[in-house]
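Novice: Spelled out from the first residue to the last, the chains are:
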Amino acid sequence: MSLPNKMAGVPTQDLPTPDPLSADAPLPNPLPRPEGELEALQRVWQTPRGWRFPTVVNNNWIGVLYLGTALLFFVLAGCMALVMRAQLAVPQNDLVGAELYNQLFTTHGTMMMFLFAVPAMEAMGVYLLPAMLAARDLPFPRLSAYAFWAYAIGGLVFFSSIFYGAAPNGGWFMYPPLTSKEYSPGINADFWLLGIGFIEISAIAGAIEIVVGILKNRAPGMTLDRMPLFCWAMLVFAAMIIFAFPAVIWGTILLELERAFGWPFFIPERGGDPLLWQHLFWFFGHPEVYIIFLPAAGMVSMIIPAMVQARLVGYGLVAMALLGTGFLSFGLWVHHMYATGIPQLSLSFFSAASFAVSVPTGIQVFAWIGTIATGRPRLQVPMLFILGFLFIFVLGGLTGVMVAVVPFDWQAHDTYFVVAHLHYVLIGGMVFPLLAALYYWAPSASGKTMSKRLGTFAFWLLFIGVNLTFFPMHISGLMGMPRRVWTYPEGMGLELWNMLSTIGAVVAALGVAMVALDLLRNFRVSNGAEGNPYNGGTLEWLPQGNYAARSIPRIHSREPLWDNPDLAEQVRAGRHFLPNTATGLRETIVTSPIEARPQYIAIIPGPGWAHVIAAIGTAGFFLSLTVEWVWIASAFGAVAVAAVLWWLWTGTDLGPVRDSVAIGGGIRLPVYVTDSRAVGWWAMVVLLLVDGTTFSCLAFTHGFLWLVNGDAAWPPAGTALPELVVPAVGAALVAASAVLLWVADWLLRRGHVIAMSVAVLAALGLLLAGLGADLAALWETGLRPGAHSFGAAVFANQFWQGLHAALVLVMALYLAARAWAGLLDPTRRVTFDNVRLFWTYTVVQALAGMALTHLFPRGLGG
Amino acid sequence: MQVAGFSPIPAALAGLIVWAAHFGLIYGANAVACARGLAGGRWLGLPLVPALVLGLTALALLAVAVIGLRAWQRLEGGLSGQEGENEPRFMVWLTLAIALLSALAILWEALPVLLVPACA
Amino acid sequence: MHHSVLSPMGPEAARIAELSWLLFLGGAAIFLLVMLLLALALGGGPGVRRRLGARRAILAGGVAFPVLVLSALLVHTLGVAAALGLGEPAPLRIEVTGRQYWWEVRYPDREVVTANEIHIPVGRAVELLVDSGDVIHSFWVPSLHGKIDMIPGRVNRRRFSLDRPGVLRGQCAEFCGTQHALMAFFVVAEEEAEFERWLERLRAPVAKPEEPFLAQGWQAFGQAGCGACHAVRGTPWAGRSGPDLTLLGGRLSLAAGTLDNHLATLAGWIAGPQDIKPGNRMPAFNTVLDGPELRAVAAWLESLR
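Chains as they are written, first to last, in the working numbering: chain A, 1 to 862; chain B, 1001 to 1120; chain C, 2001 to 2305.
Quick caveat, the hints were computed from the structure, so don't treat them as lab data. Remember, predicted model here, so these are calculated numbers, not experimental data. One or more hints might be untrue.
[To be verified] Here are some of the chain B residues that sit facing chain C, going by a computed Cβ distance under 8 Å:
no., residue
1, Leu1104
2, Trp1108
3, Leu1111
4, Pro1117
5, Ala1120
[What the hints assert, rightly or not] So these bits of chain B aren't anywhere near chain A, every CB distance computed over 12 Å:
no., residue
6, Gly1045
7, Gly1055
8, Arg1070
Using N, Cα and C, we set each Cβ at its ideal position, and we do this for glycine too.
Pulled out of the complex, with its shape left as it was, chain A reads as follows:
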């Protein structure tokens, strides 16, 4: 993707000399600052109080709430683990029966993955990124707040399902046919599919926010290679969510379509294949492990330098390692399918890829060791957790290389050896760094460090407990104990190892309790926290208000606070960029993606109810669908859509509220841009990447089912596709809608707003007619989704196109309404541009979808 000169920031001729971003230039803003400037800033960024508190959108608050909720789910899922360990303490125990045990392990895994690990990392991103980037906030604070509320409500309802026996019981991996309607007729599986499905959507919303924030909201001069490594890690983390989560969302859609309507994607008697699910699930599931680990690695790369007071050795190598891991981890998914009978050579490719991914991890480990060696290590609580992390994670990484070896994995797969491995990697690689981060960054939110005594005590309990719990599992696994068993027989030599694991779990739980106690006693969110107790070098240790840093510093190095001891004072005094609210609204500087040159001032929305109501509506929609309350679900859905529209109508595309504003250093920035500099444009492009990935999964579904069915059965005998003429007409109509949209653009540029809206509605008609013609032609041939996986795949394609058509319908009507309300003109046109981006994508995807339905099977026959 190459974006030409359109991306230009401040035009060269406007620049005063010397470059105001260079270190030689005087500080951007002079003293004294005008009276009332700081007060105005504080007023604009005020946190809502009392009953209005839920409307809060500021990242300080949302980040803490988000993390607190994630930690709550960690404790709840941990309690489930304790019950399981109690059940397994002795052989042939009957403390909990098989059914409850199966619900417990399914819910434990699901919650730890979807409700704890990923949200906790997103929370750390939401909380820390603006401060580290010295942005006032991330570009879409209401989106983060929406993601948080949807997750919190949905997660709590999901968790509570364990109390009325409705919790999913098919494993967190949900393999069909066990999870199909035939073998799981209850709503337990639907709870997983719908409950977790929309939490994945919330994770994607958070990821979009993080990608755009990191690329577009850095402090002026913070080039990519001056960016803190946590930001690199979060960038890779969010990008991985964007490419990995669509696979599981698509799989979830297929499984729910099969369960609800009998479309046989996974039923072999009707041309489906259970392995299709495994491919889709693990294409998400393996990257997921690294999605959880990479942000933690980023935190470690931040905490170690502060703990040893030395710059990280090998910054570039570590950044490269993060990117490399992000990519290579997508080549590992069959790693979980070694025993499924896939050809040996294919397995070997994945074995080799698993080896390759360990190289970047090795680079990071040695960079950390090297950094410790160059500094003066201080054994404070965060450092203890980092050392514990290195011990546990390196061990887990080595067993990871073992299970990448195909013949060894045939033995270890689905045994307690793997349970040991994955907990070493996830607890070592994620929980320990998170606890280090909690102790390290707590002062930035609360103004004081947590207890060293309690923290040290907690560390030792956790370190001993975790090793005592999970090390013996390596042995019990090799001795023949499979995973996911609610009991095991006497006399196999498993008694001792299981008892040790149970004792270890109790010790670890005491460690978690210590941390909780410390948090309750010593952590209070206080706005305007100051101080830098560990003498960190990065911007989150600047004096912070609700508006983040008072003025946005210009950056010349990776550890600005170490290189410029006066920086904190300069920033607080308002001597850097944008020390005020230039428009009287919440705002932040948008910079260019590589060099962080200021481009414009983005207006950021403040507190509001719209996104909260939208979150309640979304959660209500999916949860009522689970229990098949279709009418209530529709009502919730309508509320959600209405709230989103209200949110967009009142909070986005405000237009040029001012001509341009001065931010200091002689730089004047526009407050409204419409081209690819705009954060909204970036968000839409990232969303389309999500969409495109999902469509690739759809195409993969077609290709995979063709492969397992054989050329002759695709389509199966007795199934005819419509003559090519009808879909060709449909395709022409769909393509024509894109052309008409181009006309609408031409009209808008000339100020013919009403004519533009007519063109848009006409284009909508063409799109719907084209897609409708295709659907009708298919239906007329007698093709049905329930008979065979061919029809199911074709109609899944239709379903996906229909979903997009529905979105375009809403967008077109919204656009027309904006036009009639006078909120759209040749300048104020971000709404139009974003709709057009989505629409163009929809057209391209529809054409590709038609090719998949009509041309792909014919091409095989020829």
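Once you've looked at the hints, dock chains B and C against the given chain A.
Specialist: Relative to the frame of chain A, chains B and C by itself:
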């Protein structure tokens, strides 16, 4: 003042993009060959799957080599670090480092074809 | 009884066990080395720490070392994997179908069917073909070979042999529903002659017993409808949705490794299988058969050896 482009990011990732394409192609080729019983066939006098995989590997390594060499030349050509948005030195270095990592991954993934039968 | 990865009973398992030891020892050595370096970084002398803190140390420890070690390991493990691959079809074929929560075992060339127990002659190459009758299961006998999934709509294959006589325990290794934990089986490795005798007995049709108590059991078995799901060779009962019961009395366990096999456990199982293994497909027969009938059925089935 340089143009504020995004292209250095995908450019830096070029090596890994080649890796992804190579990985997808060799996995897909072997899956189709085994599922359709084509693995017994021959291509250029060699067994089909190894020949195909080695051919794709040669292509991929060539592409990665070109990416890496170009980056190397630009680094050696004395980028000052002030090239601005389109060519910051760090991004060029990143391009090279990622190309090397990708080459390693591609080589390792091609290795099994010499040792393991295609469809057994 | 052998059920450990590290107590192999045949060449395939032995090869994997050998590889496992290589991995454990190599992994332990690397782990200790990294921890040693970490300790030196924390508290070593200035010279050591300076060298550890150099960029070159990252490239040596993080790139050169893993590339060398992993390249060697990759070549070695691919060799092992290739050797464990499927060669020519072996003369003795055994088919196993996984079902919730038991195993159907067939010897297609010998035309016999049994359940939850596989007899194998030592020293013979065996070709195992597995599939599933319902959900995904996984066939795993740690002392025999790695696991292989049983997937509806697919047939997976594995080749192995056993070196010496003995009893091996196997268990389902893919979560398959409520009673996944209670889905085990046994592999009996025996000398060729003994194996042939076992096959002979399995093939022999079961006749109505002479002894009155056992005959009452035969009668009750038929009247209670057991034959709708179970088969006994040579009798009118040929149901296939439950385990074949020919030679049941000679098996090492009941209900797929759940219970020891004797008269009392069998009678208890027939009376209330849902109390012992809730969620399995067999209904309780304590409402259909009275006490003496239950005991008679159990006695007759136990007499099939």
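Novice: Run every hint past the structure and note whether it holds.
Specialist: Against the structure, the hints:
1. Taken as an interface hint, leucine 1104 (chain B) checks out: its beta carbon lies about 7 Å from the nearest beta carbon of chain C, inside 8 Å.
2. For tryptophan 1108 (chain B), the shortest C-beta to C-beta distance to chain C is roughly 6 Å, which falls under 8 Å, so the interface hint holds.
3. Interface restraint check for leucine 1111 (chain B): the shortest CB-CB distance to chain C comes to about 6 Å, inside 8 Å, so the restraint holds.
4. Because the closest C-beta pair between proline 1117 (chain B) and chain C is about 6 Å apart, less than 8 Å, the hint holds.
5. Because the smallest distance between the Cβ of alanine 1120 (chain B) and any Cβ of chain C comes to about 4 Å, under 8 Å, the interface hint for this residue holds.
6. With a least beta-carbon separation of about 20 Å from chain A, glycine 1045 (chain B) lies farther than 12 Å from that chain, consistent with its non-interface assignment.
7. Against the 12 Å criterion, glycine 1055 (chain B) stays outside the reach of chain A, whose nearest CB is about 15 Å from its own CB.
8. Under the 12 Å C-beta cut-off, the non-interface status given to arginine 1070 (chain B) relative to chain A holds; the minimum distance is some 16 Å.
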